[in-house]
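Peer 1: Turn these sequences into a full structure, and let the hints steer you where they fit.
Those protein sequences? They're chains A and B, same order as listed.
Residue numbers for the first sequence follow my numbering, so the first one is 1 and each next one is one higher.
Residue numbers for the second sequence follow my numbering, so the first one is 1 and each next one is one higher.
No lab work stands behind these hints: they were computed from the structure.
Ideal Cβ placement from N, Cα and C applies to all residues, glycine included.
Hints may be right or wrong, so weigh each one.
Said to hold, decoys possible - Rough simulated footprint, nothing fancy, chain A against chain B, three-plus residues with beta-carbon under 8 Å:
#1 5-15
#2 279-289
Unchecked claim - Distance ranges between label pairs, derived from CB positions:
#3 A:Ser81 to B:Arg367: 29 to 37 Å
#4 B:Gly348 to A:Gly49: 55 to 63 Å
#5 A:Asp119 to B:Asn370: 21 to 29 Å
#6 B:Val10 to A:Pro122: 16 to 24 Å
#7 B:Val10 to A:Lys228: 48 to 56 Å
#8 B:Met284 to A:Ser81: 23 to 31 Å
#9 B:Asn125 to A:Pro122: 53 to 61 Å
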Amino acid sequence: MNIPSPKLAVRCRSLTKDFGSAETQVRVLHGLDIDIPLGGITMLAGQSGCGKTTLLSIIAGLLNATSGDLSVLGNSLTALSKKEAVLFRRRNLGFIFQQYNLLPTLTAAENAAVPLLGDGVPLDEAVGRASTLLERLGLGARLHSRPAQLSGGQQQRVAIARAIIHSPRLILCDEPTAALDGKTGHDVMQLLAEAAVEPDRAVVVVTHDHRIFDFATQVAHMEDGRIKSIETKNQT
Amino acid sequence: MNYIALKMLVDDRAKYLGLIFSIAFAAFLISHQCSIFAGLMSRTTSQIKDVTDASVWVMDASVQYVDEVKALPETELYRVRAVSGVEWAVRLFKGLPTAKAADGRFRTAILMGLDDASLAGAPRNMLVGSIDSLREPDAVVIDLAGYRYFYPDGPLELGRELELNDRRARIVGICNASAPFQTFPVMFSRYSVAMNYVGPQRNMMSFILAEPKPGVPARELAARIGAETGLKALTGPAFGWATIMYYIRNTGIPVNFGITVIVALIVGTVVSGQTFYIFAIENMKHFGALKAIGVTDARLTGMILLQAALVGFIGYALGICMTTVFFLATKDIIHLRGFIVYGEIAAGTFFIILFIIAIASLLSIRRVRNLEPAAVFRG
Chain A
1 MNIPSPKLAV RCRSLTKDFG SAETQVRVLH GLDIDIPLGG ITMLAGQSGC GKTTLLSIIA
61 GLLNATSGDL SVLGNSLTAL SKKEAVLFRR RNLGFIFQQY NLLPTLTAAE NAAVPLLGDG
121 VPLDEAVGRA STLLERLGLG ARLHSRPAQL SGGQQQRVAI ARAIIHSPRL ILCDEPTAAL
181 DGKTGHDVMQ LLAEAAVEPD RAVVVVTHDH RIFDFATQVA HMEDGRIKSI ETKNQT
Chain B
1 MNYIALKMLV DDRAKYLGLI FSIAFAAFLI SHQCSIFAGL MSRTTSQIKD VTDASVWVMD
61 ASVQYVDEVK ALPETELYRV RAVSGVEWAV RLFKGLPTAK AADGRFRTAI LMGLDDASLA
121 GAPRNMLVGS IDSLREPDAV VIDLAGYRYF YPDGPLELGR ELELNDRRAR IVGICNASAP
181 FQTFPVMFSR YSVAMNYVGP QRNMMSFILA EPKPGVPARE LAARIGAETG LKALTGPAFG
241 WATIMYYIRN TGIPVNFGIT VIVALIVGTV VSGQTFYIFA IENMKHFGAL KAIGVTDARL
301 TGMILLQAAL VGFIGYALGI CMTTVFFLAT KDIIHLRGFI VYGEIAAGTF FIILFIIAIA
361 SLLSIRRVRN LEPAAVFRG
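Peer 2: Below, the structure is given as structure tokens:
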């Protein structure tokens, strides 16, 4: 089912999410409403356990909402079959994880090429495109290094490359600076803002790190499974 | 994605080698033990296999296998010859005299007494000498393994003398005979000479060898002989199988080897399954990331199967090679000669290894398919 909302990457209405059942049931999201526009970085901030990661997982289609409406890039994820949802993720979403989740046995270029390989692009072509992108991101000298040979900041740059190499329209980041020191985290966000933000693309960042709020176009503060406030920052 | 699967596997050296070793170990044990079992069973039929010039073996109706002989009266030979379809039928003696060399070495030997006129049942692979020399007085032909027991060193020489039950026997030929089950020396003499070695008894004829006339199938002739004489008549292969089945039913050999094979199967499955499962568990966060990125369960299943197939194939090949090398290295050791890896055993081992890796990968596949990709956000 397509929901026409061309300028919004994500539109949530009355979104709820329960875990467990019967007496052990816990409601993590309480009728949450949020619009995430294209062309900028939206940060979901709040204390641990407030539902940020759950919301991110639902937007990614990795979890199903218990009730409410969710539109991602104009698609209602609940209307997609499991196979269609996987394909949707592969084509339209990019991911950056807190612990980078790079494959330790692959080189930087091969790690960045993973989404292309998953989409059936031949190995040489995929690694070639990944190498070009990593050079753009300042890792030209480390193309053949494995994750263990890279610093945390370099690994996160490889993760950024992996998240954008297939030109997704929505990039979801889970605490991308949590494992980095302040300066490296700032540099990584700078790079993310430069490389990932485009008019037709949205970046959603779950974070505790208030030092990176300056990179956001809007910051949604969450508390107890609800949006407490939305702060609009510098528009791009 | 196949490339990623292979790199994930190969670059984790310890587990990769552990998996290959466990599968190679299982393949080696299974193929080695099965080959020795098959070889031993084949050895029980060695005297039957070495008779290539007669198609039908005739014996007392109560005989169950080649090593348990109830001698027939001479009159049975003429009754067999009278059966329609018999081209020729001759006597065969099989006995176990004691052979002693001049230096005092002695062994129980298998003595085959061949029909004096035709020498039917004689060995076909002579290494030294001629089978026709059996027509000389006190002449025997001995197999190479037996000769080397009595004369371990030096060249193969004819004319040496042994005592068979204290009677002189002169070696006039040395042949290659199939290794017997008991590892006894195998000797051949004329029927009448063999009678001298074992002493007179009321009935001496162990078997009758018969050959059908052209156009008469051996099985049909065996059935006719059985029906008309009341004796047991079997083709060579059927007698061989009857002998093998006797040993399988009446000895602990198959149980012993069977237990080893089952242990190999269990150890191979458990060790490789556990190692493969741990490998999958340790990579779970990467599988989770791949799932989140949009790699399908089917693709991840394919990756795991590819990894399992690779270690399975390499492990199998190594295991079969180890077995082959073992048999090549021991082929000149007298009591280990003649063991080979049968094609059927190699194929059977392949399917067992296939089963092992299927079980090993099944646990990992189940775990990966049940993996909740959202877990990747929980670190």
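Peer 1: All hints, please: hold or fail.
Peer 2: Results for each hint:
Chain A is given as covering the stretch 5-15 of chain B, and this holds because 5 residues of the stretch bring a CB closer than 8 Å to a CB of that chain, at least three being needed. Residues of the stretch 279-289 of chain B lying with their CB closer than 8 Å to a CB of chain A number 4, which satisfies the three-residue condition for coverage. Separation of Ser81 (chain A) from Arg367 (chain B) is about 23 Å and departs from the stated range, judged on CB atoms against 29 to 37 Å. Gly348 (chain B) and Gly49 (chain A) have their C-beta atoms about 57 Å apart, which keeps the hinted 55 to 63 Å range intact.
Separation of Asp119 (chain A) from Asn370 (chain B) is about 24 Å and conforms to the stated range, judged on CB atoms against 21 to 29 Å. Separation of Val10 (chain B) from Pro122 (chain A) is about 20 Å and conforms to the stated range, judged on CB atoms against 16 to 24 Å. Hint check: Val10 (chain B) to Lys228 (chain A), Cβ distance near 50 Å, so the stated range 48 to 56 Å holds. Here the CB-CB span from Met284 (chain B) to Ser81 (chain A) is close to 25 Å, well matched to the stated 23 to 31 Å.
For Asn125 (chain B) and Pro122 (chain A), the hinted distance range of 53 to 61 Å is satisfied, since their beta carbons lie about 59 Å from each other.
In the structure shown, a violation is registered for the earlier hint numbered 3 alone.
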